[in-house]
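Student: Model the full assembly from the supplied sequences, consistent with the hints where possible.
The listed protein sequences derive, respectively, from chains Y and C.
Taking the working numbering, I'd label the letters of the first sequence as residues 1 to 334.
Taking the working numbering, I'd label the letters of the second sequence as residues 1 to 335.
It should be emphasised that the hints constitute simulated quantities derived from the structure, not laboratory data.
Small disclaimer: the values here were computed from a predicted structure and weren't measured.
Coverage of chain Y stretches by chain C, computed from C-beta distances (three or more under 8 angstroms per stretch; other residues unrestricted):
{"no.": "1", "stretch": "48 to 59"}
{"no.": "2", "stretch": "184 to 194"}
{"no.": "3", "stretch": "202 to 214"}
{"no.": "4", "stretch": "220 to 228"}
{"no.": "5", "stretch": "248 to 261"}
{"no.": "6", "stretch": "270 to 279"}
Even for Gly, the Cβ is constructed at its ideal location relative to N, Cα and C.
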Amino acid sequence: MSEKSADQSRLPLLEIRKLKMYFPVKGGVFMTAKAQCKAVDGVSLVIRAGETVGLVGESGCGKSTLGKCIVRLNQPTSGEILFDGADLAKLSRSEMKPHRRNIQMIFQDPADSLNSRHTVGNILEEPFIVHGIGSEAERRARVNELLRTVGLPAGAAERFPFEFSGGQRQRIGIARAIALNPRLVVCDEPVSALDVSIQSQVLNLMLDLQRELKLSYLFIAHDLAVVKHISDRIVVMYLGHVVETASAEEIYRSPRHPYTRALISAIPVPNPRKHRDRIILQGDVPSPINPPSGCPFHTRCPHVQERCRVEKPALRTVATTAGIEQQVACHFDL
Amino acid sequence: MPDPSAPLLEVRDLVTAFDTDAGQVRAVDGVSFVVHKGKTLGIVGESGCGKSVTALSINRLLPKPMGKILGGQVLFEGQDLTQLSPEQMLKVRGARIGMIFQEPMTALNPLHRIGRQLSEIFLLHKTKDPREALAMSVEMLRLVGIPSPEIRVSEYPHQLSGGMRQRVVIAIALACKPALVIADEPTTALDVTIQAQILELMKNLQREMGMSIVLITHDLGVIAEVCDEVVVMYAGRIAERGPVLEIFENPKHPYTRGLLQSIPRLDSPRKVKLNTIEGMVPGLLDLPTGCRFQNRCPHRNARCAEVQPTVESVGDHHDVACHRWRELSPLEVRS
Ligand SMILES: Nc1ncnc2c1ncn2[C@@H]1O[C@H](COP(=O)(O)OP(=O)(O)OP(=O)(O)O)[C@@H](O)[C@H]1O
Ligand SMILES: Nc1ncnc2c1ncn2[C@@H]1O[C@H](COP(=O)(O)OP(=O)(O)OP(=O)(O)O)[C@@H](O)[C@H]1O
Ligand SMILES: [Mg+2]
Ligand SMILES: [Mg+2]
Chain Y
1 MSEKSADQSR LPLLEIRKLK MYFPVKGGVF MTAKAQCKAV DGVSLVIRAG
51 ETVGLVGESG CGKSTLGKCI VRLNQPTSGE ILFDGADLAK LSRSEMKPHR
101 RNIQMIFQDP ADSLNSRHTV GNILEEPFIV HGIGSEAERR ARVNELLRTV
151 GLPAGAAERF PFEFSGGQRQ RIGIARAIAL NPRLVVCDEP VSALDVSIQS
201 QVLNLMLDLQ RELKLSYLFI AHDLAVVKHI SDRIVVMYLG HVVETASAEE
251 IYRSPRHPYT RALISAIPVP NPRKHRDRII LQGDVPSPIN PPSGCPFHTR
301 CPHVQERCRV EKPALRTVAT TAGIEQQVAC HFDL
Chain C
1 MPDPSAPLLE VRDLVTAFDT DAGQVRAVDG VSFVVHKGKT LGIVGESGCG
51 KSVTALSINR LLPKPMGKIL GGQVLFEGQD LTQLSPEQML KVRGARIGMI
101 FQEPMTALNP LHRIGRQLSE IFLLHKTKDP REALAMSVEM LRLVGIPSPE
151 IRVSEYPHQL SGGMRQRVVI AIALACKPAL VIADEPTTAL DVTIQAQILE
201 LMKNLQREMG MSIVLITHDL GVIAEVCDEV VVMYAGRIAE RGPVLEIFEN
251 PKHPYTRGLL QSIPRLDSPR KVKLNTIEGM VPGLLDLPTG CRFQNRCPHR
301 NARCAEVQPT VESVGDHHDV ACHRWRELSP LEVRS
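Tutor: Here it is, written out as structure tokens:
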């Protein structure tokens, strides 16, 4: 890689600063807002051009919410989302439009996101129509090309999403996301519904697309072997906060945060003879509606001290390997 | 007196089809397996190979009128479930067989609060008192690891995260402590610490109550950790089945072998090309004569294009449907 392109790839494509997304929680007889669900509570992170950032963490910790803030399916409560010189968090719907084709999202639950009244062909054609791209014949050709790219037969265009299996529907979602050659794709569990032979095809495809189109990915997933495979950097979230970030290699080699350690020890190994020692977390799973004081992880942390109950640890840099910082939000060097 | 060593569930030559505009498709075409008491059977296979349809057939939850069972038997606790009336089936489903669905949003009613959906099960099978049913619901939510369950019972599905919705579905399935749980990708939406917790919960219930589990997943790590037996399906048929050690250490079907070689592993190099099984599964409307895996198989020969392989024994309760399994060299699978 030449020096110039190396520099290029250091440039942030997207920078999130102190992002918060609070949802009102309604209750009581009059269904008035009683409390807040602090789904994302002050997250900062950077995604560079051509980089894949893996986002992992407990279910319910705010990964999808963060992703939806970036594509502005959520209107963040506060904070900044800097992309292409604009703060997306502050843009109106119409101001957001030119950015939309550059930032796409693939969803976790394909049934949620595909309109079942439209054929797959119509679903894939829609982004071209919305952005006024191509003649009808060109759009059709592009749709067929997309279907081929994600491994669906051309005949799929005439059919409806409900006629496909869960995994096949997920491929339709991927095709729709890459239709307009975006620069950043927020991938929310993109391969979770696929069997490993197709999963590996799709991951290879995503890596190819990344190289060809200089795509950046924010890759949200629970399968840590997959996340490690595709990511350059990994961000671990817990209860709306970033608790650790490091290069993909480093975070598996030497995880520092006790939650990251538990997470890595819980990875199932595809070997029936190997049963590893697990860190099984004890204690109550906290709720973002009523988050604990101090460190968000203290209710389940095996190393908890008095300080953890009162003082929230800030992210601090503990090491730098190959130019990538490892940052941990823990008071202690464990 | 039923034979205590008899399997809890025996699926024999199950054939399930859908009527579509383009004609009838056999999503499941002659599938057989047994599930023993207190044991866990894993089903793996290509997306679209008929895993969910198998589960829905056992439970008689196929979408009507398109889906129907054309043949075979589903023997469970001494009855053939395919022959039961819808009323008789209601007593089995929920109470004796719990089902965990793949896509939680389709399993939950978006218009009803979580508490109501869970209470319904208890009101149907356990108690007449709605307040007791609600209390049982809160307890069940706590058991599957949902924080603040007393608040969550009065929320709607869209207010929960994907993983929390899935835990609600799991709570509904386990509510009546059934003899058999069919879990369709139960932990795919969950992070590994919660996954470990849920699998642990299912294993505990299994130990306590002798519950059997059919676990559909494509996570071979999960299969390796919790299953006793494995069924590998391909395009509506059985490719291979056997004890978990046999499947992982002595796989015979080229598809099973391809799967094991495609897994990204934590110790493999990043961002390099993963092994894949090239090509696509044939559509159910244009299945080839002969073996359904032939277009992707590195070992195919002329016979594979003509004769559909039948399931034959490799020994040790290990069966495979491949003409060429005897000729394949042992597979080097990295551990
Ligand atoms: N309602 C339906 N109408 C027509 N075909 C259907 C219907 N439901 C399922 N099918 C077809 O039946 C086949 C089996 O689907 P099934 O959902 O069982 O796959 P699966 O093995 O569970 O896949 P996945 O891993 O993606 O969940 C698929 O080819 C699918 O297209
Ligand atoms: N529209 C909404 N209204 C109210 N609360 C919401 C909404 N969307 C998400 N939440 C809450 O925000 C929190 C974070 O949810 P989110 O879906 O971001 O989690 P996640 O990390 O993606 O989890 P998973 O891994 O299970 O998908 C949860 O407590 C959830 O209940
Ligand atoms: Mg999510
Ligand atoms: Mg399925």
